[in-house]
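I would like the entire structure built from these sequences, with the hints used as guidance.
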Amino acid sequence: MAPASRDDGTGGAYARAPRAHDAEITEVGPGTPCGELMRRYRHPVEKSERLGIKPMNIRVLGEDLVLFRDLKGRAGLITPRCIHRGAPMYYAKVEDAGIRCPYHGWLFDTEGKCLDQPCETDRPEFRARCRQPWYPVEERYGLVFAYLGPPAKKPLLPRWAPFEDIAPDQKIVTDAASFSVGGDDTEELIPWNWLQDWENTMDPFHVVILHTSFSGPQFNPEMAVMPNVDWAVTPLGMQYSAYRRMTDGEEMVGVTHVMFSSLRSVPIVQLSHGVAESMGWLVPVDDTHHRTFHITRMPEDFDGVPLVTAPVLEKKWSDMTEDERWRAPGDWEIQMGQGPITLHGEERLAASDRGVVMLRRLLREQIELVREGGDPIGVHFDPSVPAYHIGAGNFYRDRMATAGA
Amino acid sequence: MAPASRDDGTGGAYARAPRAHDAEITEVGPGTPCGELMRRYRHPVEKSERLGIKPMNIRVLGEDLVLFRDLKGRAGLITPRCIHRGAPMYYAKVEDAGIRCPYHGWLFDTEGKCLDQPCETDRPEFRARCRQPWYPVEERYGLVFAYLGPPAKKPLLPRWAPFEDIAPDQKIVTDAASFSVGGDDTEELIPWNWLQDWENTMDPFHVVILHTSFSGPQFNPEMAVMPNVDWAVTPLGMQYSAYRRMTDGEEMVGVTHVMFSSLRSVPIVQLSHGVAESMGWLVPVDDTHHRTFHITRMPEDFDGVPLVTAPVLEKKWSDMTEDERWRAPGDWEIQMGQGPITLHGEERLAASDRGVVMLRRLLREQIELVREGGDPIGVHFDPSVPAYHIGAGNFYRDRMATAGA
Amino acid sequence: MAPASRDDGTGGAYARAPRAHDAEITEVGPGTPCGELMRRYRHPVEKSERLGIKPMNIRVLGEDLVLFRDLKGRAGLITPRCIHRGAPMYYAKVEDAGIRCPYHGWLFDTEGKCLDQPCETDRPEFRARCRQPWYPVEERYGLVFAYLGPPAKKPLLPRWAPFEDIAPDQKIVTDAASFSVGGDDTEELIPWNWLQDWENTMDPFHVVILHTSFSGPQFNPEMAVMPNVDWAVTPLGMQYSAYRRMTDGEEMVGVTHVMFSSLRSVPIVQLSHGVAESMGWLVPVDDTHHRTFHITRMPEDFDGVPLVTAPVLEKKWSDMTEDERWRAPGDWEIQMGQGPITLHGEERLAASDRGVVMLRRLLREQIELVREGGDPIGVHFDPSVPAYHIGAGNFYRDRMATAGA
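Protein chains in written order, with the numbering used here: chain A, 1 to 405; chain B, 1 to 405; chain C, 1 to 405.
Keep in mind that the hints were calculated from the coordinates and are not lab data. No false leads were mixed into what you were given.
One copy or two, either will do: identical chains are not told apart, so a pair holds if it fits within one copy or between any two.
Restricting the straight-line Cα-Cα distance to at most 20 Å, the calculated cross-link-like pairs of lysine to any residue (SDA-like) are:
(1) Lys54 - Ala75
(2) Lys93 - Thr212
(3) Lys153 - Ala13
(4) Lys54 - Thr321
(5) Lys54 - Arg327
(6) Lys93 - Asp109
(7) Lys47 - Gly142
(8) Lys93 - Leu51
(9) Lys153 - Gly9
(10) Lys153 - Gly29
(11) Lys113 - Arg16
(12) Lys93 - Glu324
(13) Lys93 - Arg325
(14) Lys93 - Thr321
(15) Lys54 - Met320
(16) Lys113 - Arg348
Structure representation (structure tokens):
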């Protein structure tokens, strides 16, 4: 009865069960398990230099907030609607002492304390009840870091060794563009879940296929060599070491690190020898968007953006047509194509996904640790703790004597 | 353990409870408490002069409807999909007797009665069952007023004294632009809840801050004088009287009225002496949009729009850049910034919000009255009731003898 | 007490019950009653000639899929996210043996079998578990037909007699434009439910009103003659015969067919004598969108699109302004105006809607038949079944001797 056909009818897509994303390790809103883990860390929310007299609307960890700097130079981060009657604090004006609401002129300092209510007979006890909800911020490395967690658990803002003790002929370049995920300086808001980006960092094999053999060499043609890879948990997160024998016979190892909450340090993709001089934060904007902030140690006279990839088609990403992106897709096309949050329930993880598996396990462990009242890794409260070392870089065997892994 | 810091960790935004809007006094859809109150009044839905041979899609109180005028000049308001098989009555054509559906030619009069079914053998009893749902409309002051309430409770369309007995050298100018909320003639649909706009009318203090000291004088520089204010309930709603001593020593009082369902009469913002010659309706389009219709008594030879504000930047609102709006925000920026419906649960009302508090209380009382079967204020069924007086205006003490408050 | 008024207060729109669409006969997603009926048929999803080296994102019956052709010419239809880690198969590249994922290079054939995993040590038993969900496709008449149903119920792809045995001087023209629903070649995605379009085919009376007297003759002025109509169930669906006496006294009958799952054959609307040489599929994209695919038998040297209507305003539909569409609405304006899915609960069906009523009844019967485990009409598994005959056309009494009805 059945027609002659080359298909055997098995494995079809009919009546497959609907699959979902894994909410526990991806969603970051207030009160979510991963959101509470994230709220135990400081996150960069903007470049310091962008904070002028005009307040900025920002969104981080699913919360809409207004970031400002008073005329004394102090940064503040408050809820976006005036506690009085909901006027938008984006339209507020900054003064020496804080920020003044445009509607009825209430003035708040960077900790939300109400200092003035010009349409009221002053009643200090009433003013004290009119506190604008706020979050603490701190600036370093050209970035404004916010802490959205429980006040009693506020950790110190970590220092990172590669960006301390900058030599006089060097500087730190701070960047908010989306280069590291295949975009460029025309787009900073990355429209998919942060974890797709972060776990891609622990996947050395997509570099061989996507960035080299599939789309043509987006980084370095030597990336086509299939590496031997070791993965390991570290005090701050995890790392992998990818060993390659280059076409000239040299042996090298590329070491990539991810650190909690959601940082990474990737060795230079042109494969030159040396420690990584760049580090980036992946900051969840909400469940389906994230931003990246990178700092890079550069010569003092460097003038530009530390662009990490050489587009195979010799065109900026934002200038590429849809057809050109189809011819040479990069991280942006792949990760966005995974969806706003990828459907973990549909995956078939393989041996090469060991880094992804380890990273998710580590993330679950930290989520559980916070749920049980503990402090997650990378969080500290002791000013005597030294700056964190990382260890990412490309290391060639015959140059190891001078560089060290 | 805790780091040295200028913040004391209190009053933070972490783990604040989510707050909502107050649905009872803001939502207007069919069957909602406030929607049922609103449905006891007539609301203007369009300017009469716009109603030509082309039916218009309108939305009011959350209902989509089609407004038309038959060739005999009668206005009609019906549901937007033909009762037969749902064809869009926007595409219908008007005739002497009513409006004809484009799909199968059913003809309905302004009360929805089906007069013709050209593809059917005529069966009057079937035709009678094919009645298009409709609402009564009535025209006055250049506006089409609709009544969306229970037929048995249909009140008379009120007359308003300032707009009756127009002298031969005067006329009524009817306007649908959004000037009164800080917009202009390029936008009539105001994308936030009507109550934010209405209660702003009962707030004399934002005029001092927002419209004068904060954004520069949008109305009259004398508005910078902080007034003494009295509030009072009136037979039709409520009013406030704002007393000021002007810089030249003159004493004046500005009296502003709001009337149910959602009207207002605001004295001229340039502060010239005399009774207000303008009145406006705030018409809820749906829960998150409203429109305004204003009528103004003007000289017969007036040619233009009675523009109420002088933009501080000498630019039309619609020509302002986002940055210019940031420099001089007005009612549009503030009220839109409160959100589609403001979050009442977050507010900290102060002494200066007495008008807002009173107006909300009055609104709740009227909602409750309707719920219990009563007729809300401002509704009447008796043709002998005289035209409603208002009483808004700017009154200078030394000119009171001739003007009266 | 009640005011004098010409309205009697009855039949009003106040407090009317909310009405819904009939989900059973309109919704087509996986597991829905109508969706399961639809999944027992083959549906065209794209024109064969469009399938080059670039995979195509398509949506059909509410499912997002990727359609591709391998370099050996075989078409394949798979789920859009790689079974490995969700990378978008739209960005995949085709090879001789199948399609290769851009992320980690997994290669799948047109039946979803995984042939290569370059970043893995090959383990055939693991590969076998990594099967990409797929649906069978087959090509005919210039179209790619997909089968989204249960494998055990896969029917043969029917042949249609009018398009078999094409003479040497003829050809089949295949078209995906929206002409048949009042659109044109600028739009293929029709933004409303498929059933509104299909049942409109069984409505001979809207042709008299909408397409002729209301908008001016969009087809042939003789369509203004109100026809006598017979309806009848057929082995493949149903038909109607519309009898007209033309202005020159000639008698003719126009016979229109609809066939399951969602096909139609409409005689030429210019009313010329002869059998219909065109047939179309209405393919549900999802619950609120559909596409049409038409095949037409044309002379070999025909160069163009078999455009079915002559626009009354001598303008292409896509060039018409909103006002011009209002002056001469066609099927697009009416059916889109019925809404994304029309509200069946609001309808008042009349005698002239007999075709619509019969078609919906037939559809419900087939849905019920499938629910009970049966095979719906038009489905067969026997290669010896001859090509399906239709029988649509315009037939003039005095030419019947040579043409036959």
